[in-house]
Structure formats: structure tokens, C-alpha cells
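J.: Below are the chains, spelled out letter by letter.
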Amino acid sequence: MSISDFEYKEIDVERITTGVFQVRDKNPAKNIEPLAAGIKNMGLLQPIGLAKSKETEKSDKYDYEILWGQRRHLAFKRLGEEKIPALVLDKVLTKPQGKKYALQENLIREDMSRSDVWNTIREFYLEFEDPAKCADEFGIPLPIVKDALKANLLERIDGGKELFEFALSLDIPKATAFKIVDIVKNPDNTSANIKKGQSLCKVLSTESTQMRNKVIAAAKRTPNGDAKGWLAQAKAEKNYKKRNIELEEVFDNALKELADKLGSTPENVILDTVLELLESEELI
Amino acid sequence: MALKGITQKEVFVLDRNIGNQDSGFSAQNTFEEVIKALTKAVDKGNTLDDIALHLNLEATTMLYRHIYIRDNLDDKLHKFVRYGSSEEYKNDKKGIFIGFQMANELSRVPKNEQNRVYKFIVKNKLKGWNEIKSVRELLERTNLNINEIFEKVLSESGKSDKSYSHTIPINLEDDSPKLFKMDQDSKNKIAMKLVKKHLKEPVLEVNLAYTILEIVTNKRLKLSTSDLIILNEKITEEIKGYKK
Numbered sequence: 000m001s002i003s004d005f006e007y008k009e010i011d012v013e014r015i016t017t018g019v020f021q022v023r024d025k026n027p028a029k030n031i032e033p034l035a036a037g038i039k040n041m042g043l044l045q046p047i048g049l050a051k052s053k054e055t056e057k058s059d060k061y062d063y064e065i066l067w068g069q070r071r072h073l074a075f076k077r078l079g080e081e082k083i084p085a086l087v088l089d090k091v092l093t094k095p096q097g098k099k100y101a102l103q104e105n106l107i108r109e110d111m112s113r114s115d116v117w118n119t120i121r122e123f124y125l126e127f128e129d130p131a132k133c134a135d136e137f138g139i140p141l142p143i144v145k146d147a148l149k150a151n152l153l154e155r156i157d158g159g160k161e162l163f164e165f166a167l168s169l170d171i172p173k174a175t176a177f178k179i180v181d182i183v184k185n186p187d188n189t190s191a192n193i194k195k196g197q198s199l200c201k202v203l204s205t206e207s208t209q210m211r212n213k214v215i216a217a218a219k220r221t222p223n224g225d226a227k228g229w230l231a232q233a234k235a236e237k238n239y240k241k242r243n244i245e246l247e248e249v250f251d252n253a254l255k256e257l258a259d260k261l262g263s264t265p266e267n268v269i270l271d272t273v274l275e276l277l278e279s280e281e282l283i
Numbered sequence: 000m001a002l003k004g005i006t007q008k009e010v011f012v013l014d015r016n017i018g019n020q021d022s023g024f025s026a027q028n029t030f031e032e033v034i035k036a037l038t039k040a041v042d043k044g045n046t047l048d049d050i051a052l053h054l055n056l057e058a059t060t061m062l063y064r065h066i067y068i069r070d071n072l073d074d075k076l077h078k079f080v081r082y083g084s085s086e087e088y089k090n091d092k093k094g095i096f097i098g099f100q101m102a103n104e105l106s107r108v109p110k111n112e113q114n115r116v117y118k119f120i121v122k123n124k125l126k127g128w129n130e131i132k133s134v135r136e137l138l139e140r141t142n143l144n145i146n147e148i149f150e151k152v153l154s155e156s157g158k159s160d161k162s163y164s165h166t167i168p169i170n171l172e173d174d175s176p177k178l179f180k181m182d183q184d185s186k187n188k189i190a191m192k193l194v195k196k197h198l199k200e201p202v203l204e205v206n207l208a209y210t211i212l213e214i215v216t217n218k219r220l221k222l223s224t225s226d227l228i229i230l231n232e233k234i235t236e237e238i239k240g241y242k243k
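Line order of the protein sequences matches chains Z and H.
Taking numbering that gives the first Met the number 0, the leading residue of the first sequence gets 0, the next gets one more, and so forth.
Taking numbering that gives the first Met the number 0, the leading residue of the second sequence gets 0, the next gets one more, and so forth.
Do not take every clue at face value.
The calculated lysine to aspartate or glutamate pairs, modelled on EDC-like cross-linking and capped at a C-alpha distance of 20 Å, are [claimed, not checked]:
id	chain 1	residue 1	chain 2	residue 2
1	H	Lys-158	Z	Glu-236
2	Z	Lys-194	H	Glu-204
3	Z	Lys-194	H	Asp-182
4	Z	Lys-201	H	Glu-172
5	Z	Lys-227	H	Glu-172
6	Z	Lys-195	H	Glu-139
7	Z	Lys-195	H	Glu-172
8	Z	Lys-219	H	Glu-172
9	Z	Lys-227	H	Asp-42
10	Z	Lys-60	Z	Glu-9
11	Z	Lys-219	H	Asp-182
For the chain H half of the interface with chain Z, some residues (derived, Cβ under 8 Å), not all of them [claimed, not checked]:
id	residue
12	Leu-137
13	Leu-138
14	Arg-140
15	Thr-141
16	Thr-166
17	Asp-182
18	Asn-206
19	Ala-208
20	Tyr-209
21	Asn-217
Calculated from the model, a selection of chain H residues having no Cβ within reach of chain Z, i.e. all distances over 10 Å [to be verified]:
id	residue
22	Val-41
23	Lys-132
24	Lys-186
25	Ile-211
26	Leu-212
27	Leu-220
28	Gly-240
Quick caveat, the hints were computed from the structure, so don't treat them as lab data.
Heads up, the beta-carbon is just placed ideally off N, CA and C, and yes, glycines get one too.
Take the sequences, apply the hints, and build the full model.
T.: Here it is in C-alpha cells:
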């Protein structure tokens, strides 16, 4: 089967089901609002992919399974649209066949969209250094801009890759290594203070994750400082008051997932977020 | 689909204790009882996917964690593992229980150190899993011995009984750009001199950070609030007036 076997159609949103062929099974509804907003502004730029499955053959309710575009389908539902543009394969696929398509499309789209977004915003970002401004200027949802900036960080910062590799060689997790490159990037936004970055890597390499996060937070708050100064700051901050907060399970799980992604803890993610907010409101 | 080879009572034990947050019921059984039922279910040929499906779990993660703890946590510690929020097991008067997440972290510590780490957290009433994770990471990343690691973890969480910390809020970048630019050791040496001019009590260490000046002593400072305010003001003035 090839792409020529697919036919472009507009399909009733409610006749489409999901699950059997999906490779992305975690929180497909996460951050759906920005995607929905983008679709509302610009329409759907890429059709979703559909095929039949054993389940849809037996079902009175559904005609097709989603191969790719689960989130776009959700966004269309959220927007109350009746029809969605789709590339439709009029064949019954087995679960492995369907998953193969879904995985391939997801991999291509992820890489393409990140570099496409970066190429689009590059000049503007280098001038204004503000992801939110880029999002406004180009009508791209902010999370997608941030994701593209992160993905291209190592490419656009001179010495960024070397520093990143140096951090990994000291067993520093990837998420933290990205943060290090970001922290020590120079005001020109295209190069990094490698010496400072290496010194930060060395400091972090012998600290626990909890302390690492405190050091990173200190570095973000005092960018003109140095690695040992940030460590001193983190150590001096130990006597914070503990405040208990309770989250509903769905939020708690999302927070844990985010913390895992960042190589952090839920407590430190909350701490960092609160500190960032206090900082942006100029309260600290 | 029913689970093969285990009784309804055993299914109930699994159902009520694993991933039951949404059920509205508190966990009723001990970890040992749950792991006994889970082990039997697996031994009877049920896959973890089957069990998860039967228990209405979204993933097999919690089942894997149980099995990981069973296989990697020192057997003698299994009886101390409790389900529920830390608030629930915090109420145990003997203070000997640890939560499931703590057990999960502890099972990742080398087996020969687990008992010592358990005693450390119980003795110091550490009821979060972060400290256990820190101990494990420091064992992996540093050459410190276990006692040094315990002291470091306690000190970093402000719970050390060997030292007391008094902090003064500052803004070093604005108050003294000169001090701000110095390396950390020099900053601390200068700050030590400035502090000693105004504080008679023996000082173990002074840590001049960017927004905090920390004074570490081996006894609590016995100063009244007004004396502390005066001390803070004097030291802040010294920092602002630092010229050399």
C-alpha cells in the first residue's frame, strides 16, 4: 500500500473512532486548546489519515479508525465542526498495519513541524528573543513555538552541541543538559559561555536531582552569577516553608508526567512555576 | 474476563489496594498481602496486561512497581510498606511505616544499604520520597560514604541537628556589585569577617549567596527578635558598604 491508495474526502467527525491504531496513547487531549485555536485561525493544513478496522466493520456507529491526526480530530470536535478533511484508505487494516502508518506519520510530522516552525520564526526570534511575541506574530500556538525553540537550541547556539555532549558525559539527564545550554547562552542568542556551562555541569554532576533543580532555578533567577554562586544560593534556600497543596488525580498525574519529562520532581516543578510567576510579576 | 487461578477474595485484595484512588475506598491490606495475591495471579498464568484490564487500570505501571519492590526491596522491610497518603501513615505512633512511593525509591537503593537508609528516614521522620531519591543519587554520583550522604541530605533539607542556619535576605547584585563578581570562596571569607564583627556566638560557616546570607552555627542563636533585626541591618549595611 502507498499514499496513492489514499483518497481525499471530507468525513463526518462523529463517524470516526480512535484507539486501535494509535501509537500516541498519553494524554492526546493535552494542550488541545492552542491547536484548536490554530485550526480556527488558519484551517486544517494537513488532512488526518483514516482506514477501516475490524472494529469499525462491526460497528454501526463508526466508519473509520484514525491512523494519524488524533489530536486534530479532537480539536475539530472541540470546535464543533461536522466534517474533517481526511486521506482515507478504503481497506480494513490489521492492528500492526495501522500502527505502522500511524508511527511513520507521527515521526515525520514531529521532525518536520519543529524545523519548519524554527525556520519560520528564526529571524524574528533572534531579534526579539521572545517566544510569546513569535507566537503572536506568526499565529503559531505558543507551546509549538517553545517546543521548536527547544528542539533547535543545540543547532542555533554555537558550542551548544559540545556543551550538551559534555553534560551527558557527566551523566546529566538530557532535559537538564538542555537547560544548561539555555542558561549559559550569551545575550547575542547565538553563542554560549562554554566555560561557565562546563563549570555548571561539574557542579550539577555531584548533586541530587532535588539540589540540581534548585541550582537551575537559582541560575535562571540570577543569570549574571556563576556555577558555584548558584550552588551557594541553592544551599542557602533550604529553609523554605513547606506548604501542602492537593491536586485532583488527573492534574496530579499530569504534573508527575511533566516532572518525569523534565527530569524533575512534582514539588520542584511547582516551585519553579511559582518562582517564575513571582519573578514575572516582579514580586521577587 | 476472569483472572485464572485466584479466588474472588484475592481479586478483591488487588482491586482495593492497587490504583484505587478513584474508588473512594482507602487501601485496606498490607503490601505483603497484596504482593502475595499478585504473585499468585502471575504464577497462575495471568499476564500483567490481563490483571490491569481486570482491575480497570489504565496501565501496568503500578503492577510492575509492585513486582519491582517485591524483587528488589530487602524482604525484612516489606512489612513496613503502607498504602495511602503520607497523612494516613504519618499517624502511626511508632513512626515505622513508609509509603508505597518511598518503598519504590528505597527498592532502587543498593540492597546492602537499604536497611540503613530505612533507619535514617524513620529516625529523622522523613516522610517524603525525595530524600531517599537524593541518597540513592548521591551514592551513585559521589565518593561520599553513607553517613556523609545522610548529613548532606539532612543539611540540604534544613533538618540537620548538627548545625543551625540563620538567614538574612539580601540583593547582592544591587547591594554590592563588587562582592557579586567575586568567586564564591572569597565571598564567603569576606562575609565571615563581616559577620564576626557583629556576632559573638561561634560561627561554623558563612554562605554569601545572591539573595541570602546564611550564617551556620552549632547552636541556635539566642537573640531576641529585635536583636536579630538589628544584626540583620548591621550586616546588610556592611555588605552595602564593602569597598575593598
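J.: It remains to establish, for every hint, whether it holds in the given structure.
T.: Outcome of the hint check:
no., hint, result
1, Lys-158/H x Glu-236/Z, "13 Å, holds"
2, Lys-194/Z x Glu-204/H, "28 Å, violated"
3, Lys-194/Z x Asp-182/H, "14 Å, holds"
4, Lys-201/Z x Glu-172/H, "24 Å, violated"
5, Lys-227/Z x Glu-172/H, "15 Å, holds"
6, Lys-195/Z x Glu-139/H, "25 Å, violated"
7, Lys-195/Z x Glu-172/H, "18 Å, holds"
8, Lys-219/Z x Glu-172/H, "14 Å, holds"
9, Lys-227/Z x Asp-42/H, "53 Å, violated"
10, Lys-60/Z x Glu-9/Z, "17 Å, holds"
11, Lys-219/Z x Asp-182/H, "18 Å, holds"
12, Leu-137, "6 Å, holds"
13, Leu-138, "10 Å, violated"
14, Arg-140, "5 Å, holds"
15, Thr-141, "5 Å, holds"
16, Thr-166, "6 Å, holds"
17, Asp-182, "7 Å, holds"
18, Asn-206, "5 Å, holds"
19, Ala-208, "4 Å, holds"
20, Tyr-209, "5 Å, holds"
21, Asn-217, "16 Å, violated"
22, Val-41, "24 Å, holds"
23, Lys-132, "7 Å, violated"
24, Lys-186, "8 Å, violated"
25, Ile-211, "4 Å, violated"
26, Leu-212, "8 Å, violated"
27, Leu-220, "14 Å, holds"
28, Gly-240, "21 Å, holds"
The structure does not agree with the numbered hints 2, 4, 6, 9, 13, 21, 23, 24, 25, 26 stated previously, though it agrees with the rest.
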